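**Q** If you read the sequences in order, they're chains A and B.
Under the numbering used here, the first residue of the first sequence is numbered 1, with each subsequent residue one higher.
Under the numbering used here, the first residue of the second sequence is numbered 267, with each subsequent residue one higher.
There could be a bad hint or two in this list.
Unchecked claim - A partial selection of chain A residues facing chain B, derived with a Cβ cut-off under 8 Å:
hint	residue
1	G22
2	R53
3	L85
4	P90
5	V96
6	A104
7	G110
8	G137
9	L158
Calculated from the structure, these hints are not laboratory results.
This one's a predicted model, so the numbers in the text were calculated from it and none came from an experiment.
Every residue gets a Cβ at the ideal spot worked out from N, C-alpha and C, and that includes glycine.
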Amino acid sequence: MSNSFVIKGLRGGVAGGEILTGVDLEILPGEVHALMGPNGSGKSTLSHVLMGREGYESTAGSVTVNGVELLGLETWQRAAAGLFLAMQYPVEVPGVRVEDLLEAAMRARGSQVDGLNDRLISEAQRLAVRDEFLTRGVNVEFSGGEQKRAETLQLAMLAPSFAVLDEIDSGLDVDALRDVARRVKAMTQEDGLGVLAITHYSRLLTELNPDVVHVFMGGRIVTSGGPELADELEVEGYDGLAARLGIEIPEPVEFNRADPFSHRTF
Amino acid sequence: MSNRFTPEASLDLGGPEWLSQRRLRAIESLKDLEWPTADEEIWRYSRVGDLDLTKYRPMSGEELGQPGVDAVPGGGPVAAELGARSALIVVRDGRVVHHEIDPALEARGVVVGDLAMLDADTAVGRVGLTSDASPDAFTLLHDAFLAGGAYIHVPRGVVVEQPIVVIHWCDGEGVASFPHTIVIAEELSQVSVLERFGSPNVVHLVDGVVELILGDGANVRYQSVQEYGDKTTSIALQRAHLGRDAVLHSSAVALGGSYARLRSESLLEGVGAESEQVAVYYGDNDQMLDFRTLQDHAAPNTTSNLLFKGAVEDTARSVYSGMVHIRPEAQKSRAVQSNRNLVLTEGAGAESIPNLVIEADDVRCAHASAVGPIDEDQRYYLATRGVPPEEAERLIVLGFFEDVFERLPVPALVAPLRRSVQDKIGNLHAGLAHA
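Using the sequences provided together with the hints, build the complete structure.
**A** The structure is reproduced here in structure tokens:
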């Protein structure tokens with residue numbers, strides 16, 4: 001039970017509309033799992049339901065990190081329990097430096113903050129994050145690549161047990177992609193970080209070298225396999241794969257504005 | 267209770283003849299004055315209607331005493347943390363009670379002291395130069411009871427390296443005081459002035475005027491910090507006149523008072539003059555912080571830049587009403603006016619009213635105004651890192667002010683002011699507003 005990231009029968013979505021239709025997944029320390037799916041399949045919804053974003057809800061199932069049930073906890077408590085979400089679109093927070101938020105996060109979980117600045121500087125060098133991005137408000141006027149380097153920097157500093165990388169490969173150039181992926185890979189090897197990398201491109205995967213590839217459609221994992229599954233997807237696309245495997249893609253539940261609870265069974 | 271702001275009370279204040287004459291003229295003007303109400307645009311949203319003058323009385327000449335050395339509380343962390351300074355003026359209830367200056371600067375002609383000690387030749391045409399150009403009921407009341415004030419004069423070409431510090435303490439239950447500060451920076455001179463205004467927890471009315479007079483090419487950095495007690499009402503004018511190529515960086519930090527209103531005005535009357543006005547304000551409990559700003563471009567090629575940022579919580583209110591006026595002769599001028607407000611709790615509120623009057627056709631103006639709660643995405647972002655909500659809010663609010671802090675003209679003050687704002691944020695989380 002302990003030392004794993006386990007999602008069981010997870011259903012949920014935005015209030016009044018079920019998007020996740022039963023997600024099951026288990027990630028062990030040091031493993032890299034890729035979650036691939038077409039646009040609108042619910043990949044980002046999964047990341048927000050896992051993290052407990054306001055406006056998103058889980059209606060059934062369980063999510064545990066190292067044995068701790070996350071559903072029902074506040075977002076910051078889920079992070080403190082060892083789950084990190086690297087965002088597809090990191091938010092600009094004017095006047096709040098990376099160091100400020102790291103210090104606050106570390107204090108909240110009782111981690112050592114002595115020498116934080118030194119550690120931050122050496123980690124920044126490792127990720128080729130320039131000094132000006134440490135002194136500015138986090139993500140403020142960062143390019144796509146700088147944002148993703150900064151997300152990875154925070155990931156490395158906070159050293160969680162598991163990380164969900166939500167399209168960390170979008171909006172960045174080849175150099176940044178390589179730096180970010182290599183740093184994440186090193187964390188899996190050196191620190192036992194378990195990774196769920198959400199993506200719809202395979203180029204991240206050549207760098208990350210996943211242990212398992214999951215295909216996500218209609219709010220659930222429809223098939224899983226080795227890295228070769230990503231290559232097959234490249235060739236035949238999601239529709240082709242679904243047809244070949246005889247997978248029926250569940251339609252997303254239509255949201256009824258007049259009665260937001262119409263689809264539920266009580 | 268009747269109004270005790272009488273001609274007799276004014277006459278009792280003594281001082282030099284020019285000052286008595288100035289008071290008399292003001293008393294005459296007050297007789298016919300219609301007291302302002304919130305129906306007038308310039309007083310819209312204000313609490314002028316709640317201000318009952320009969321609750322206050324002016325101090326007598328005897329109470330105010332003569333200029334001299336006296337102990338004054340209230341320098342507080344501001345004075346202590348400022349470090350090196352080149353001069354100090356201590357003002358109690360509007361009367362200068364102590365002043366000192368680096369002898370080397372005195373030798374170069376820099377004067378600090380009490381304007382009540384000026385002779386008529388020096389005073390007339392200088393004292394009131396800016397406030398006379400922008401009078402209202404409160405500047406008239408101020409002039410009618412003006413008994414002295416901080417006087418700073420930097421001669422032509424003199425550069426004052428360390429800040430000049432002016433500490434105001436306004437005390438006395440049911441009393442009104444009339445602090446006045448005048449900074450004259452002659453041609454090509456440079457000076458930084460820091461003023462700290464404070465009062466204890468007494469019902470007190472402060473009716474103050476700050477005048478900044480910049481000669482051609484002068485460079486003035488001016489910062490005021492207002493940390494009045496909870497029951498103090500303050501109505502103040504801070505007005506600058508800028509000569510050719512003069513550069514002003516002015517700032518106001520407003521944290522205290524029950525109702526505190528500041529008019530912050532810059533008149534750019536010399537070609538190429540540049541004015542920056544920034545402010546940080548934070549209201550809690552049932553405070554109201556009220557700002558009226560003016561960027562008045564009266565000469566070509568002038569530049570003004572204004573950034574006022576505030577936060578309100580509990581049932582506090584803030585008002586920002588700003589005017590950019592580009593006169594016909596002010597071609598090729600540039601003006602930026604920006605006001606941003608965080609409304610942190612359901613019961614709090616902020617008004618933001620930008621105004622532009624542009625009478626020239628070759629100018630660049632921009633204005634921005636925003637009122638809203640803490641951004642939910644920012645809150646979520648910090649939460650995903652494991653920052654608890656109270657801490658996230660504290661970071662976001664402090665971060666919101668950071669760009670103003672960075673522009674404060676006296677950098678040594680930034681750390682203590684950040685702490686003062688942090689103290690006000692206190693236990694915000696309980697009543698927080700959500701988007």
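**Q** Does each hint hold? Answer for all of them.
**A** Hints, one by one, checked against the model:
1. G22: With a minimum Cβ separation of about 24 Å from chain B (threshold 8 Å), the hint on G22(A) is violated.
2. R53: Where the cut-off is 8 Å and the nearest Cβ of chain B is about 6 Å from R53(A), the hint holds.
3. L85: holds, 5 Å
4. P90: holds, 7 Å
5. V96: holds, 4 Å
6. A104: This interface hint holds because 4 Å falls under the 8 Å limit.
7. G110: Constraint on G110(A) not satisfied, violated at 11 Å.
8. G137: holds, 6 Å
9. L158: Because about 7 Å separates L158(A) from the closest Cβ in chain B, which is inside the 8 Å limit, the hint holds.
Consistency with the previously given hints fails for numbers 1 and 7, ordered from lowest to highest.
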